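There are 2 protein chains.
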Amino acid sequence: MVLQKRFVLEKHFDGMPKKSDLKIIEEKLPPIKDGEILIQALYLSVDPYMRPYSRRTLKKGDMMIGEQVAKVIESKNTDYPIGTIVTCSPGWCTHSISDGTDVRKVKDFPENLPYSLALGSLGMTGMTAYFGLTEILKPKAGETLFVSGAAGAVGGVVGQLGKIFGCRVVGSAGSEKKIKYLKEIGFDDAFNYKSTIDPQKTIKDMCPDGIHMYFDNVGGTITNAALMNMTECGRIAMCGAISGYNAKSQSTIVHPPIVGRQLKIEGFIVYRWTDRFPEGFEKLKEYISQGKLTYKEHVTEGFDNMFKAFCELFTGANFGKAIVKV
Amino acid sequence: MVLQKRFVLEKHFDGMPKKSDLKIIEEKLPPIKDGEILIQALYLSVDPYMRPYSRRTLKKGDMMIGEQVAKVIESKNTDYPIGTIVTCSPGWCTHSISDGTDVRKVKDFPENLPYSLALGSLGMTGMTAYFGLTEILKPKAGETLFVSGAAGAVGGVVGQLGKIFGCRVVGSAGSEKKIKYLKEIGFDDAFNYKSTIDPQKTIKDMCPDGIHMYFDNVGGTITNAALMNMTECGRIAMCGAISGYNAKSQSTIVHPPIVGRQLKIEGFIVYRWTDRFPEGFEKLKEYISQGKLTYKEHVTEGFDNMFKAFCELFTGANFGKAIVKV
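Chains V and X, in that order, are what the protein sequence lines are.
All the letters of the first sequence, read from the start, carry residue numbers -8 to 317 under my numbering.
All the letters of the second sequence, read from the start, carry residue numbers -8 to 317 under my numbering.
Incorrect hints may have been included.
In this list, chains with the same sequence are indistinguishable; a pair is considered to hold if it fits within one copy or across any two.
[As the list claims (entries may be wrong)] Derived pair list, reagent style DSS-like, types lysine-lysine, alpha-carbon separation capped at 27 Å:
id : residue 1 : residue 2
1  : K131      : K255
2  : K62       : K274
3  : K255      : K129
4  : K195      : K255
5  : K98       : K274
6  : K50       : K195
7  : K195      : K239
Just so you know, the hints here were simulated from the structure itself, not pulled from any lab data.
Since the model is a prediction, treat every value here as computed from it, not as a measurement.
Start from the sequences and build out the full structure, keeping to the hints where you can.
Now the structure itself:
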């Protein structure tokens, strides 16, 4: 008998998430049946999307949503022997039971890299960056790419891919330390949105030819400043809007440049390319092995600290892909 | 010697255009030189885009921008003998001189139709509707198309084309008379945005499968209500934003559904398809001759009434394509 620890929703988040909105429950899991496996979480992911999606998909008492890298510790399914490493999305829990249909084996993983990357640059956030950039923005060498939330899990990969594709890459992030890091990993320029008085002018100075492509992770003020700097027929990939997730009122974007500059805006969710993830995985692995793509993780130790790690996404206290190590 | 009457900018519009923002000037035109033609306006167009574009492109004393259908009344250019009918964009004026490079002959025009249609359903507004719908929204039979400003010059054509392409078509307009008209020309449903208390709910009721395509002429409240009713991966063509043209603050649109529903939004200006206008002309002419596309004009008599006709666009007093007959 194994004890499962899990976070369940007590109350939908309203404004900044509060500790009392979630509750940790401990429960004995039943013995596994034929065809089933028992898995134990090694690393769990916390991501901004969980904030809006929990409201849409969960009711009180439901387990908080999320991905993890886990290890099979008991098996009655020959496809998944004990020791198999998988990624899966049971939610915020230490242990779970699966019949094998909702887990994916972590295959061909580089030996020198931590499995946590299967949640980051070689997992969901890496796929988001790769397909959002290549399929929505379709970069051409010489174009200017602006990335908001550039030091985040997705933004850092997007910017480095932009450099691989020959673009001028400019980013925004929330601290001087993050700006320094962005320049280290190849961004041509970057600014701290928290200390910039006039982001529209700052972007104009850093993108003298205008923005051909904008990869948006934040929404709000920075997005409006970017929209005012787009080139004619500029392309915008809207990946997330973290600046508005805890806001009480609905966030908005400016309208006039969309018509006046003939902008093309597309919102997307990475799962539309699920069947192409193996292709993204191979590409990203190749870039990492060539040293063209570096990764940065912000690892929090201890399952009980999931909530703390989650909240840090919204204060910007994380630096790189936020991971919780059990 | 011919006297040209023209409207020039006295002061950029601020809020609703005021009569004193423009001034009528009379001036003698010089004799035409070899290669030139003298043309006389028959019909002039007033369109919402003139409001934002005048600010972008004109300075004090410049002639107000706009298209007209005109007749050659003197010619020293064998390509354009006296009596030739052309469309051109000299601005708001009764007469002008051209070297022939900036005028287009009105060719193959149906004998039973007024030349004013070369400014409407067979001209710029028709092209806007045709290419905006077919190139940006790419309608499929069975889909729901929502059109705002549906009784306007562009909207009325868009809706009827939507029916030709087999879509369910729903529209919004600003009076009961206009709603009645929309139903007469084939709209499946329509509502008066001025008397609708909850446009989001009204659209939901009229579009039970959600909106697959939204052709936006207005921006503002109706656009936000439409965005909240889009289907997953819905497409939006942003053609204009008349609701915001006279506003003191910049208009905005809601952000969350763009990411959450993976919407695809594209702003456009019809001139990107200039080289394909002959194709659009043939198609629209065919639909009109087949009785599948009707047209409605709102004709104001007298060049001096240009400003009045222009202002009526913003109060909704026009009903159909606004034309000034000289």
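Which holds for K195 with K255 at a C-alpha limit of 27 Å: within a copy, between copies, both or neither? Both, since 20 Å and 26 Å are each at most 27 Å.
Is it within a copy, between copies, both, or neither that the alpha carbon of K62 lies no farther than 27 Å from that of K274? For K62 and K274, the Cα distance is within 27 Å only inside one copy (25 Å; across copies 62 Å).
Regarding K131 and K255, is the shortest C-alpha distance of 27 Å or less found within a copy, between copies, in both, or in neither? both (16 Å within a copy, 21 Å between copies)
Within, between, both or neither, where K195 and K239 count as close if Cα-Cα is 27 Å or less: So K195 and K239 pass the 27 Å test across copies only (24 Å; inside, 30 Å).
As a check of your reading, is K98 near K274 (CA-CA no more than 27 Å) within one copy, between copies, both or neither? Within one copy only: 15 Å inside a chain, 55 Å across chains, cut-off 27 Å.
For K255 and K129, with the copy left unspecified, which applies at a CA distance of at most 27 Å: within, between, both, or neither? Classified as both; 12 Å inside a copy, 15 Å across copies.
As a check of your reading, is K50 near K195 (CA-CA no more than 27 Å) within one copy, between copies, both or neither? between (45 Å within a copy, 24 Å between copies)
Checked against the numbered hints listed earlier, the structure breaks none of them; every hint is satisfied.
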